[in-house]
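As they're listed, the protein sequences go chains A and B.
Here the first sequence is numbered in the UniProt record's numbering, starting from 1 and rising by one per residue.
Here the second sequence is numbered in the UniProt record's numbering, starting from 1 and rising by one per residue.
I should point out that these hints are in silico values taken from the structure, not numbers from a laboratory.
Honestly, I wouldn't trust all of these hints.
Note: identical chains are not told apart, hence a pair may lie in one copy or across any two.
[As the list claims (entries may be wrong)] Heads up, simulated SDA-like pairs for lysine to any residue below, C-alpha to C-alpha not over 20 Å straight-line:
no., residue 1, residue 2
1, Lys47, Glu183
2, Lys40, Met103
3, Lys47, Gln128
4, Lys23, Gly178
5, Lys23, Pro79
6, Lys47, Asp151
7, Lys36, Arg50
8, Lys40, Ser148
9, Lys40, Arg143
10, Lys47, Gly157
11, Lys47, Asp140
12, Lys36, Glu132
Below are the chains, spelled out letter by letter.
Number of protein chains: 2
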Amino acid sequence: MLFYDSPNPAPNPRRVRIFAAEKGIELPSQEVSIPKREQKSAEFVAKNPRGQTPILELDDGTVIAESVAIMRYLEALHPEPPLFGTTPTEIAAIEMWCRRAEMIAMAPVGQVWVHTHPFTAAIPGRNQEWGETNLPRVADAFRFFDQSLADRDFIAGEDYTAADILLLTTVDFATFVGCGMPEDCENLRGWHDRVSARPSAKA
Amino acid sequence: MLFYDSPNPAPNPRRVRIFAAEKGIELPSQEVSIPKREQKSAEFVAKNPRGQTPILELDDGTVIAESVAIMRYLEALHPEPPLFGTTPTEIAAIEMWCRRAEMIAMAPVGQVWVHTHPFTAAIPGRNQEWGETNLPRVADAFRFFDQSLADRDFIAGEDYTAADILLLTTVDFATFVGCGMPEDCENLRGWHDRVSARPSAKA
């Protein structure tokens, strides 16, 4: 298999690198440069018509796009340690928190990035006002996660899971974009210190 | 367990109803009226701080929010017929297509709904221009799914899966919003006829 990766600050490929590091999986990889727009090359678009990294290409030519789909593929091949849960309630809680990380936090961070950041100025359909509408939504999202972390060490419960990976990459990408967590988010900051101290966070 | 449901056209509760119907599961349910804003009542928000339906409340008081988290919970309890796959490549393909249905199609449909539809005029932060920017994105999304369905009966492969449920509820909600599939989407229309003919689609 070959992992088509893009370096930081791209948040989605990093999810897979952290996930693989937590599992102890070495992924053979090839870099796709987003600043050089290599993800929009004809060769890459033939593999993923959406023109986005990351993808995982299997030896039979099957392409898995979407970071979380690659993570679930790796979980199925290497179940230990489980990062998507094993009991029905764990599986449900982790999916719920993965979706909340994406819908509540990553979605507005992405809108701030696409509609206000200087690096994305050439993207068609930019709408500065809409981008700015999302700034307080990002802060509200981080406060929601901050409150949710008041009674536990990790976002989906007592164990580190895929949901922590999605939230970590979102928080770090938000900081890069310039809309990082508000000062008063002490629980979220404690959690961020905890997950960032894991060796996988360097991925 | 008790399923807090909202009737059509709400797309997310319908996902769970279709999923349960495909599994032959009878879910005890209680209606939460979105026009009456019952999902924002103190009683409901105590169960789901996001103030959104659907949720599934278990007998021990655990609340599972997010439609796909409820679907995965039901899959874990009732594995047959599998709707999220069983082999690593099936699991990955279904997750990939679930995410594509949500990110590529449902996301812009949701923006058209929230920013342009008369029923959502009271929502703060409306941006008509941004809503209209999403109209051609919805059409592009449906054309992408149309092309993807050229060589197979269902969106993630030869079998009906959770990804078909996410795409069906998106297509039908888009029609309600007024941005349904373009005339030229023959493969998508054939797929829509196929999945709509299943008894579960009446859910």
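Structure-based check of each hint:
1. Taking the shortest alpha-carbon separations for Lys47 and Glu183, neither the intra-copy value of 42 Å nor the inter-copy value of 28 Å comes in at or below 20 Å.
2. Taking identical chains as interchangeable, the C-alpha atoms of Lys40 and Met103 lie at most 20 Å apart only when they sit on different chains, with a minimum of 18 Å there against 25 Å within one chain.
3. For a Cα distance limit of 20 Å, the shortest separation of Lys47 from Gln128 qualifies neither inside one copy, at 33 Å, nor across copies, at 35 Å.
4. For the homomeric pair Lys23 and Gly178, neither the shortest alpha-carbon distance inside one copy (31 Å) nor that between copies (45 Å) is at most 20 Å.
5. In this homomeric assembly, Lys23 and Pro79 come within 20 Å of each other (Cα to Cα) only inside a single copy, at 8 Å, whereas the closest approach across copies is 26 Å.
6. Proximity of Lys47 to Asp151 under the C-alpha cut-off of 20 Å is restricted to the inter-copy arrangement: shortest distance 16 Å between copies versus 44 Å within a copy.
7. In the homo-oligomer, the alpha carbons of Lys36 and Arg50 lie at most 20 Å apart inside one protomer (17 Å), although the nearest pairing across protomers, at 39 Å, exceeds that limit.
8. Taking the shortest alpha-carbon separations for Lys40 and Ser148, only the inter-copy value of 19 Å comes in at or below 20 Å, while the best intra-copy value is 38 Å.
9. For the homomeric pair Lys40 and Arg143, the shortest alpha-carbon distance between copies (19 Å) is at most 20 Å, but the shortest distance inside one copy (36 Å) is not.
10. In this assembly of identical chains, Lys47 and Gly157 lie within 20 Å of each other by CA distance solely across copies; the values are 17 Å between and 37 Å within a copy.
11. With identical chains, the CA atoms of Lys47 and Asp140 are at most 20 Å apart between copies only, with a shortest distance of 19 Å across copies and 37 Å within one.
12. In this assembly of identical chains, the alpha carbons of Lys36 and Glu132 never lie at most 20 Å apart, being 27 Å within a copy and 30 Å across copies at closest.
In terms of the numbered hints stated before, the structure departs from hints 1, 3, 4 and 12, listed from lowest to highest.
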